[in-house]
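Asker: These protein sequence lines map, in sequence, to chains V and X.
Under the working numbering, think of the first position of the first sequence as 346, with each following residue one higher.
Under the working numbering, think of the first position of the second sequence as 181, with each following residue one higher.
Hint data in this document are derived by calculation from the structure and do not stem from the laboratory.
Please read these numbers as outputs of a predicted model, since none were measured by experiment.
It cannot be assumed that every hint is accurate.
Calculated pairs, SDA-like style, for lysine to any residue (alpha carbon to alpha carbon, straight line, at most 20 Å) [to be verified]:
#1 X:Lys296 <-> V:Asn354
#2 X:Lys267 <-> X:Val253
#3 X:Lys267 <-> X:Ser190
#4 X:Lys296 <-> V:Met355
Computed list of chain X residues with no C-beta within reach of chain V, every gap over 12 Å [unchecked claim]:
#5 Ala260
#6 Leu262
#7 Ala287
#8 Gly321
#9 Leu325
#10 Ala328
#11 Thr334
#12 Leu344
#13 Val347
#14 Pro367
#15 Val399
#16 Arg413
#17 Arg419
Quick reminder that beta carbons are idealized off the backbone N, C-alpha and C, glycines included.
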Amino acid sequence: MSGLSAFLNMGGYARFVWPAYGLSLLVLMANVVIPMWRERALRRRLRRRYEREQV
Amino acid sequence: MFESLTKYASPQIAYGLAGRLIPWFGWTAALLFIAGLYGGLVYAPPDYQQGDGFRIIYVHVPAAWLSLFTYMVMASAGAAGLIWKTKVSDAVARNCAPLGAAFTFLALCTGSLWGKPMWGTYWVWDARLTSELILLFLYLGYMALQSAIEERRTAARAGAVLALVGVVNIPIIHYSVIWWNTLHQGPTITLTGAPTMATSMLIPLLIMTLAYMCYFAAVLLVRVRGEILQQERNSHWVRQLILEGGN
Numbered sequence: 346m347s348g349l350s351a352f353l354n355m356g357g358y359a360r361f362v363w364p365a366y367g368l369s370l371l372v373l374m375a376n377v378v379i380p381m382w383r384e385r386a387l388r389r390r391l392r393r394r395y396e397r398e399q400v
Numbered sequence: 181m182f183e184s185l186t187k188y189a190s191p192q193i194a195y196g197l198a199g200r201l202i203p204w205f206g207w208t209a210a211l212l213f214i215a216g217l218y219g220g221l222v223y224a225p226p227d228y229q230q231g232d233g234f235r236i237i238y239v240h241v242p243a244a245w246l247s248l249f250t251y252m253v254m255a256s257a258g259a260a261g262l263i264w265k266t267k268v269s270d271a272v273a274r275n276c277a278p279l280g281a282a283f284t285f286l287a288l289c290t291g292s293l294w295g296k297p298m299w300g301t302y303w304v305w306d307a308r309l310t311s312e313l314i315l316l317f318l319y320l321g322y323m324a325l326q327s328a329i330e331e332r333r334t335a336a337r338a339g340a341v342l343a344l345v346g347v348v349n350i351p352i353i354h355y356s357v358i359w360w361n362t363l364h365q366g367p368t369i370t371l372t373g374a375p376t377m378a379t380s381m382l383i384p385l386l387i388m389t390l391a392y393m394c395y396f397a398a399v400l401l402v403r404v405r406g407e408i409l410q411q412e413r414n415s416h417w418v419r420q421l422i423l424e425g426g427n
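This is chain V alone, in the form it adopts within the complex:
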């Protein structure tokens, strides 16, 4: 077996190793992206409110 396919095969444990890493990546990334989206939305909301109040 070539280097890459041997690596992907994980000695026969591919169907346990890769889901464990994939799920970890997914959950960790979601916890970065979601709070950043929320903060951006909050900033937009606040800016609209402040600008309305200034008029």
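Use these hints to put chain X onto chain V, whose structure you have.
Answerer: What follows is chain X alone, placed relative to chain V:
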């Protein structure tokens, strides 16, 4: 000394400090993740018993450690909020919960994916697995409590009490593999004894753990900053910050 410490309890100063710390923790975490993943997936040799299946350790153990660490941060911040009544420590405690729940969820899922090939089952009701599942319910209960109580201070106080009562579960999880006969293996790394693990396997594990800790710090600070903005939205400095488009 005390005055300089309580200064950071001021939302505006905490907001600025968090903003300066986030890039440091964030980029350190990114670099450590790259090094740790290379170390864990490529550099570390296959285990003589478990082959390449043991590599799940590099996402399982850091998540499990962080699930306990996050709980201690949450309970400590909650206690600080009870004692000094500082808004920032309440914000820290509240924002620990979803992160802790995520780490606990990952520890359970990756452990399950590791258990199947090694033990022949995804789940057993042994002491370690059950007490970790209770930890997940503690986090979820805390989050439900936070969203059920409208008034922020009351929610923070109730949450802090729940978190402090739940601290009893932390040593139970930690010592479960020693106190009871469990299918889960005993600790490979302890503070006192030498680790029963080859150095080439241990180093990537330590790097991954550091990566998870820096990640936790960065993400927690992002969340706390968001909460400070929300809570201080009627104050002059937030208005100025937003209108000037500052960070």
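Asker: Now tell me, hint by hint, if it's right for this structure.
Answerer: Outcome of the hint check:
no. : hint                  : verdict
1   : X:Lys296 <-> V:Asn354 : 17 Å, holds
2   : X:Lys267 <-> X:Val253 : 15 Å, holds
3   : X:Lys267 <-> X:Ser190 : 8 Å, holds
4   : X:Lys296 <-> V:Met355 : 15 Å, holds
5   : Ala260                : 22 Å, holds
6   : Leu262                : 25 Å, holds
7   : Ala287                : 10 Å, violated
8   : Gly321                : 20 Å, holds
9   : Leu325                : 20 Å, holds
10  : Ala328                : 20 Å, holds
11  : Thr334                : 23 Å, holds
12  : Leu344                : 25 Å, holds
13  : Val347                : 23 Å, holds
14  : Pro367                : 20 Å, holds
15  : Val399                : 5 Å, violated
16  : Arg413                : 6 Å, violated
17  : Arg419                : 5 Å, violated
The structure shown violates the earlier hints numbered 7, 15, 16 and 17.
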